[in-house]
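Work out the full structure: start from the sequences and follow the hints.
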Amino acid sequence: MNKRFLIPRSRLRNAIGIAVLMSAAAAASLHQIMRRADRAALLLADPEVLLTDRRLSLIAMRRGRPVYLHACASCHGENGQGDRSRGAPDLTDQEHLYGQGHVAEIERIVLHGIRSGDTRGWHLSSMPAFARRPSEVEAGINPLSPAEVQDVTQYLLSLRQRQTDGDAAKRGRLIFTTRGACYDCHGEDAKGDTAIGGPNLGDDIWLHGDGSAASIAQSIEAGRAGVCPAFGNSMDAGDVRAVAAFVAAMPSQLGQGAMR
Amino acid sequence: MTQMDAVDVQKWRLLRPGPRRSLFFAATGAVLGLAIAGYGLFTAQGTRIAGVSPENVALVNQVPILRSDFVAQLRAVHDVSLGDATPKQRREVLDSMIREELYVQRGLELGRATDDVDVRTALVASTEASTVADVLVAMPTDRELTEYHRAHADRYSTEGSIQVDDLLLPVNETLETAARLRDTISSGDRPAGVSQSSLFANGPEYYFAARIHLGPVLFAAATPLERGQTSPPVLSAGRWHVLVIRLNARPRPLPIAEVYDRLLGDLRRDKSARLEEANARFLRRRADIQIADDLQ
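Chains as they are written, first to last, in our numbering: chain A, 11 to 270; chain B, 145 to 440.
No lab work stands behind these hints, which were simulated from the structure alone.
Heads up, a few of these hints could be off.
Here are the simulated distance ranges between beta carbons [unchecked claim]:
| no. | chain 1 | residue 1 | chain 2 | residue 2 | range |
| --- | --- | --- | --- | --- | --- |
| 1 | A | G87 | B | P395 | 30 to 38 Å |
| 2 | B | A345 | A | A83 | 19 to 27 Å |
| 3 | A | D194 | B | L289 | 30 to 38 Å |
| 4 | A | Q171 | B | A345 | 26 to 34 Å |
| 5 | B | G195 | A | Q42 | 16 to 24 Å |
| 6 | A | L54 | B | V204 | 15 to 23 Å |
It should be emphasised that the depicted structure is a prediction, and the values quoted were computed from it without experimental measurement.
Think of the CB as a built atom: it goes at the ideal place given N, C-alpha and C, for glycine as much as any other residue.
Below, the structure written as structure tokens:
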């Protein structure tokens, strides 16, 4: 054995310890540098290519998932399935309440929220409570009577051929398009308006309740105004972009894969 | 052990003083420390930096223009994504955003924030919003929501609905004759001279509407009664009324799941109001406010 390379054991331990510490420090620094590089790549890219660029989508999914679990899952659920008892939309379907589901649009929601108090957020429409005295109902909206609420309910059920009273449905359509002013947010055809967050009432996707006559009537009587908080002041810009991409990908295979 | 081996071993004795080694480590530490401090200093928010950080598209006198705002503006003005926008479109939008920022800053220099009524209003709203930003972002716990719901149960119920036959007894009846007529009505007959008001011609009404239409006295007499019951004669606006209840669905307490959004909104509003009040007190305390003698 060549004694030239024999080092006393205690010294060797010290040397290895220092080497391990330095390696750990180097690895941590490298991780930070790479994280910053990933952040910059996410932020500098066109938001719409995040889901089509393989490298960027991987970064976004990896970074977006923990952010989603920390900030969004408490309302939208761990897998984005939503919670109708809280009016938190299902993020895995193709229905978009605000906008078309673009990354940039979701990013705006994360930054500025919905009815969050942030003036740059979405706050143009709220579902009025039609069973409230006029002073409590929004200006320009008239309260409805219980019979009128039932008529509108029948009309909405008729959009899915589930009405039980055809005449009431006809009266309900008239109320919907005239004095109820429902058309203002939901559109003449009740298909909704994603420019202001008016839900589509013609499909079978429900934000609140189960789509039964009772739950529809309850929404008309008591109104709805769900809130999504604004994270612009509390979340890093890279995290905002990543979680927006992560949420935008949820309806697709990419998002479902990231969920797993 | 040869002499060469002995020298190698000596080199590895870290505890043995070695001036050159110490100097080397000290210098390395100093350089590393400076590098970390410099990196932290020049990448921290609010610090004068040489470049524009990735989340921004420009800095105007160190005030950032956010990339997300730029992307939204491109979509709003030209209906294009960042990738699809032409250099001309990007330049145009960026120039308009820089112009706006310059005017905002100039406006602040000129004191427009204190002069212009609209700016003042917006500034107050914005400052209030920033005060309560944490409250709006934080999700209350289920326990908090449950307690709030329990404490304000009266707010979270359905609006009751009611349908009443409001029967008007002949004018100038005494209480005794009114009571006799009431007994006849409750047995299902309609005595001569008794007329029915046109209220509730279109079916049931919500409590709030019935209160307005019946008036507070009749409404108070009607709501405790069950369907099919007849009220005692009630004197209102100089005439005796007898109320026959056709339907009375009283307000029903709603569980949290059915009022979640309202509950959350109310809870946050209450918290925000308390915080704003505390903030206003703090601002008053630290401010030097002088009030005219006649308003003291």
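Evaluated hints:
1. G87(A) <-> P395(B): 30 to 38 Å: 32 Å, holds
2. A345(B) <-> A83(A): 19 to 27 Å: About 52 Å separates the Cβ atoms of A345(B) and A83(A), which means 19 to 27 Å is violated.
3. D194(A) <-> L289(B): 30 to 38 Å: 31 Å, holds
4. Q171(A) <-> A345(B): 26 to 34 Å: The hinted range 26 to 34 Å holds for Q171(A) and A345(B), with Cβ atoms some 32 Å apart.
5. G195(B) <-> Q42(A): 16 to 24 Å: 18 Å, holds
6. L54(A) <-> V204(B): 15 to 23 Å: 19 Å, holds
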